[in-house]
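1 is the number of the first residue of the sequence shown in my numbering; add one for each residue after it.
In case anyone wonders, no lab produced these hints; they're calculated from the structure.
You may find that some hints are simply not true.
[As the list claims (entries may be wrong)] Using 25 Å as the maximum straight-line C-alpha spacing, the simulated DSS-like pairs for lysine-lysine come out as follows: (1) Lys88 / Lys149; (2) Lys39 / Lys54; (3) Lys54 / Lys88; (4) Lys167 / Lys54; (5) Lys54 / Lys253; (6) Lys253 / Lys352; (7) Lys39 / Lys352; (8) Lys167 / Lys253; (9) Lys149 / Lys352; (10) Lys167 / Lys88; (11) Lys149 / Lys253.
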Amino acid sequence: MRHEHDDWTLRTAEWVLPGHPDKLSDAIADSIVQAAWRKDPRALVGIEVALVRKSVFLTGRIAGANTEQLCVESLVHNVFASAGYSEKSALRVSDLHVVTDLCRGPLEGNESELRASSDDQSIVTGYACSSPGTSCLPVEHALARHLAKALHAFVRTDSSSFGQDGKVIVFVRESPDARRWELDALSVSVEQLGEACSTGGAYQLRVAMQRALDVFAQRVPGFSHAPSVPMHVNGNGWTGVGGPMSDNGLSGKKLVVDFYGPRVPIGGGAMSGKDFWKVDRAGPLIARELAVKAIERHGCREAFVTLGICPGETLFRVVRIEAENRIRLDARQLAASVDLRLASRARWLEGKDLVEVARWGHWTEESKLKEYDGDRTTMRQLSTSPVAM
1 MRHEHDDWTL RTAEWVLPGH PDKLSDAIAD SIVQAAWRKD PRALVGIEVA LVRKSVFLTG
61 RIAGANTEQL CVESLVHNVF ASAGYSEKSA LRVSDLHVVT DLCRGPLEGN ESELRASSDD
121 QSIVTGYACS SPGTSCLPVE HALARHLAKA LHAFVRTDSS SFGQDGKVIV FVRESPDARR
181 WELDALSVSV EQLGEACSTG GAYQLRVAMQ RALDVFAQRV PGFSHAPSVP MHVNGNGWTG
241 VGGPMSDNGL SGKKLVVDFY GPRVPIGGGA MSGKDFWKVD RAGPLIAREL AVKAIERHGC
301 REAFVTLGIC PGETLFRVVR IEAENRIRLD ARQLAASVDL RLASRARWLE GKDLVEVARW
361 GHWTEESKLK EYDGDRTTMR QLSTSPVAM
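Please model the entire structure based on the sequences and the hints provided.
Shown next as structure tokens:
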């Protein structure tokens, strides 16, 4: 017998909490990027962070005017504290041991002027969709982030039952026309302290997740979740210590989370730990802006962008811009509306908290988008022959 959802596509996405070892590493790396930028807007930062138990290892280079004054130990402590770790945690902030192997000092020679030229090669991707209420993200990816934020807020209010480490994974069924989504399954894993389940902590957590699902359904037209949908809480019976005391952490490991989830192929490398003159940081931001412009201008449901750059170049090349069903859009027309220079993202940090960006994502643009009417003929008229720039 044919089921109503036989033609629906199963989508999945995940998110991790700020207390997760990998996200702690990303946030530490980006706290240093931000602090260096505040000292010198042309500061060069390329670092990696690793965590294991009470030890924090930082390697790489920090260069720029007055950047020698940065106290990386204080920045590390601040990130742990803002993630929810305290002197009452199993891992106390005051017990952290920070080990550095950093090349520090001023920019050498004409390095400041050369910042506008690429010091590496890179292929980067950008994506946007027109689904309302998702910040132009795939619905499953937006849902995973939304639920992780709700979980983090819940954990912070019940620190006696739950620790700061945790993660969420969702499975969502998408209709063939990509206008409806139904939650298929949800799993929540969170550091559990003591007898949280027997004291009602797990029940309260489930209630918090249900409320978060209700909010998401109100925000995203077409999304629904039935009370009968399985919600697994600590399916592996996770109890005891979490965070770096139970698992290693490394900056740049959560690339799929940092980009658009598994639906969209990623390009380039890690963003966290790199300043905004570097190709792996500026490129994805430019590609994202192009993708948002594409759905705004053409009313398409999705837009996929690929950019590339060679060492020594100052502009990104537009390799392709496509709508759903691989329909090519006019790359020249769209590129004319976006600054493709590597240097164009040098001031992106203004008014932002990069630690929170590292935790909750770069892609927060809300846009009033035209609804795609599903008329493929119209889309063909909007598209042109492939154009490379």
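Next on the checklist: Hint compliance check: list the failing hint numbers for this structure, sorted ascending.
Outcome noted: 2
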